[in-house]
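Asker: Fit chain B to the supplied structure of chain A, relying on the hints for placement.
Line by line, the protein sequences are chains A and B. The opening position of the first sequence corresponds to residue 1 in the numbering used here, with each subsequent residue numbered one higher. The opening position of the second sequence corresponds to residue 194 in the numbering used here, with each subsequent residue numbered one higher.
Everything labelled a hint here was simulated from the structure, so no lab data went into it. Be aware that one or more of the hints could be misleading.
Stretch by stretch, here's where chain B covers chain A in the computed footprint (C-beta under 8 Å, at least three residues) [claimed, not checked]:
1. 76-88
2. 97-106
3. 163-175
4. 183-190
Here are a few chain A residues that sit away from chain B, every Cβ distance over 12 Å (derived from the structure) [as the list claims (entries may be wrong)]:
5. T8
6. F18
7. L42
8. V73
9. G112
10. A116
11. L124
12. F146
13. L178
14. V179
Here are the simulated lysine to any residue pairs, SDA-like style, with alpha carbons at most 20 Å apart [what the hints assert, rightly or not]:
15. K9/A - H121/A
16. K318/B - A275/B
17. K120/A - A59/A
18. K67/A - A275/B
19. K65/A - E281/B
20. K65/A - M279/B
21. K120/A - P60/A
22. K67/A - P300/B
23. K363/B - G181/A
By construction, the Cβ of each residue, glycine as well, lies at the ideal position given by its N, Cα and C atoms.
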Amino acid sequence: MSKFGLITKGIIKENPTFALVLGMCPTIATTTSAINGLGMGLATTFVLILSNMLIAAVAPVIPAKIKIPSYIVIIASLVTVLQFVMQAYVPDLYATLGIFIPLIVVNCIILGRAEAFACKHSVLDSAMDGIGIGLGFSLSLTVIGFVRELLGGLSIFGNRIAEGDGMLAFVLAPGGFLVLGYLMVLFRKVTKQ
Amino acid sequence: MEYIIIIISAVFVNNILLSQFLGICPFLGVSNKVSTAVGMSGAVCFVMALSTLVTYLLQYYVLNPLNIGFMQTIVFILVIAALVQMVEIILKKISPSLYQALGIYLPLITTNCAVLGVAILVVTKEFTFGGEPAMLNLAESVVYAVASALGFGLAMTLMAGIREQLELAKVPEAFRGVPIALIIAGIMAMAFMGFSGIV
Numbered sequence: 001m002s003k004f005g006l007i008t009k010g011i012i013k014e015n016p017t018f019a020l021v022l023g024m025c026p027t028i029a030t031t032t033s034a035i036n037g038l039g040m041g042l043a044t045t046f047v048l049i050l051s052n053m054l055i056a057a058v059a060p061v062i063p064a065k066i067k068i069p070s071y072i073v074i075i076a077s078l079v080t081v082l083q084f085v086m087q088a089y090v091p092d093l094y095a096t097l098g099i100f101i102p103l104i105v106v107n108c109i110i111l112g113r114a115e116a117f118a119c120k121h122s123v124l125d126s127a128m129d130g131i132g133i134g135l136g137f138s139l140s141l142t143v144i145g146f147v148r149e150l151l152g153g154l155s156i157f158g159n160r161i162a163e164g165d166g167m168l169a170f171v172l173a174p175g176g177f178l179v180l181g182y183l184m185v186l187f188r189k190v191t192k193q
Numbered sequence: 194m195e196y197i198i199i200i201i202s203a204v205f206v207n208n209i210l211l212s213q214f215l216g217i218c219p220f221l222g223v224s225n226k227v228s229t230a231v232g233m234s235g236a237v238c239f240v241m242a243l244s245t246l247v248t249y250l251l252q253y254y255v256l257n258p259l260n261i262g263f264m265q266t267i268v269f270i271l272v273i274a275a276l277v278q279m280v281e282i283i284l285k286k287i288s289p290s291l292y293q294a295l296g297i298y299l300p301l302i303t304t305n306c307a308v309l310g311v312a313i314l315v316v317t318k319e320f321t322f323g324g325e326p327a328m329l330n331l332a333e334s335v336v337y338a339v340a341s342a343l344g345f346g347l348a349m350t351l352m353a354g355i356r357e358q359l360e361l362a363k364v365p366e367a368f369r370g371v372p373i374a375l376i377i378a379g380i381m382a383m384a385f386m387g388f389s390g391i392v
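In isolation and in its complexed conformation, chain B is listed as follows:
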């Protein structure tokens, strides 16, 4: 039950893109086609779950016991950069077709602030999922990361669908490109505000 609440909360209520503003660069950059949006979301989901797992363990079993919590930012970004490299190498070896599909998005993920953002959030913020505010445990953190990535994918795919249709519309010169995408995102964020309060 707890997990279902975490998932609904991360996908709809506190959507990582539309209400927490993490990962807006890829949201605006690669949301022109549904297929690329889905590819990007898949890669993000994979890296986010893996990096949250590793950074969570590092935080609780290395940084905290040694009292070097201030190294968090440096350690986490290095872990993510290394993981992205590793995922790239492993995928190339074991699943060339998936590598082909995700290939160009993987390097971009290192600087996707959603990945670092979620990794930091789960070890610093207290969440309230129905009960008392508490830190997430390992399983909940990973579920939260996957759910956040799903929310990211949902918003990306919706946006890409709208932008594909927008190709056919007559958009005023000054609005073309990023501005109109931002305005659409604003309206989408308004729609997502309707979910607030259900969890």
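Bound conformation, chain A alone:
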């Protein structure tokens, strides 16, 4: 597959949220607004690209028996790096996303890509795969956040577009499940999967 194909496949064909249905917890929890969704998506992408590259580099020398524990340690170290970077440069976003930043460790997208792609491909290909899947994830989270913010708070990327109250339930817990469910149906209809 071409390098470009590796990047684009993560957006539609292997979209981690709508097609593969992975990493649902941060997807529902952090998408209360488009900006939060985008922030979570980019944070995950950062870890995903680096973990894919590192794992692709060390996979040949790791014995099969301790494969998964080693991957988890690599991912957990990268998440710790991410926590430092976010605390230093975007403390507000770090506070908003809260516990879901350390929980990137157990995001099944990252371990899933390590196991399904990175351990069998070159470092460069794995980086491309990380970029593609990461972009697909960020895009999905931004779209979900956009819809919830629009319905729940009547605003787009933090700018209010109408007077009055939105449907608050869409920003709260139920809206997360409902919006994701209906967007998934829409995605299936459009892509005929």
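Answerer: Okay, now just chain B, sitting in the frame of chain A:
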């Protein structure tokens, strides 16, 4: 009294699945039958209580005194992975029947974000159970973990019951599987919102 408030709060008001969004993968993945849902919840309850106990002690007696709080994520996930392995080995030895029942769910628990989530929550967040916001002590943390797991089990079992009935319903093609489960979860979350404010 304090413990009762913690339990009601964790099971109903701040249900770990429906209002804190932790552990949604198993919620969607293994909630097809009531029996598997109960098995999974049992395994989660066991591991969650044990891992919270161990990580709490590690946080307060190792990480904090040594000033290496940043190692939290790595240490906690390793503890949970090791505990899951250990529980698997011990169960196999002392209770083969329980091992048979929980067997396939145990490995899945390592990547269940509810377990790591609760372990991190109890050492980083201040809770208000009727009084001033304060960090939980050891006993309260374990009670909170067990109660969270019970809440997880409650939501899983309810969901599995609904999905068993759903097998007989005519669901439109595009809604089948995960989307309809998410929509049901949304309606359940709305129902659980009714509990807010009682504690």
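Asker: For each hint, tell me whether it holds in the structure or not.
Answerer: Status of each hint after checking the structure:
1. 76-88: With 6 residues close enough to chain B, the hint holds.
2. 97-106: holds (count 5)
3. 163-175: With 5 residues close enough to chain B, the hint holds.
4. 183-190: Contact hint for the stretch 183-190 of chain A vs chain B: holds, 4 residues under 8 Å.
5. T8: The claim stands: T8/A keeps its Cβ more than 12 Å from every Cβ of chain B (closest is about 24 Å).
6. F18: violated (9 Å)
7. L42: Nearest chain B Cβ is 19 Å from L42/A, so the label holds.
8. V73: violated (7 Å)
9. G112: Violated, because the least Cβ-Cβ distance between G112/A and chain B comes to about 10 Å, which does not exceed 12 Å.
10. A116: holds (14 Å)
11. L124: holds (27 Å)
12. F146: holds (18 Å)
13. L178: violated (4 Å)
14. V179: The assertion about V179/A is violated, with a minimum of 8 Å to chain B.
15. K9/A - H121/A: holds (16 Å)
16. K318/B - A275/B: Not satisfied, since the Cα-Cα distance of roughly 25 Å exceeds 20 Å.
17. K120/A - A59/A: Between K120/A and A59/A the Cα gap is close to 8 Å, so the pair holds against 20 Å.
18. K67/A - A275/B: holds (14 Å)
19. K65/A - E281/B: holds (17 Å)
20. K65/A - M279/B: Status holds; Cα separation ~16 Å.
21. K120/A - P60/A: Holds: K120/A and P60/A sit about 9 Å apart, inside 20 Å.
22. K67/A - P300/B: With a Cα-Cα distance of about 14 Å, the restraint between K67/A and P300/B holds, given a limit of 20 Å.
23. K363/B - G181/A: Between K363/B and G181/A the Cα gap is close to 17 Å, so the pair holds against 20 Å.
The structure does not agree with the numbered hints 6, 8, 9, 13, 14 and 16 stated previously, though it agrees with the rest.
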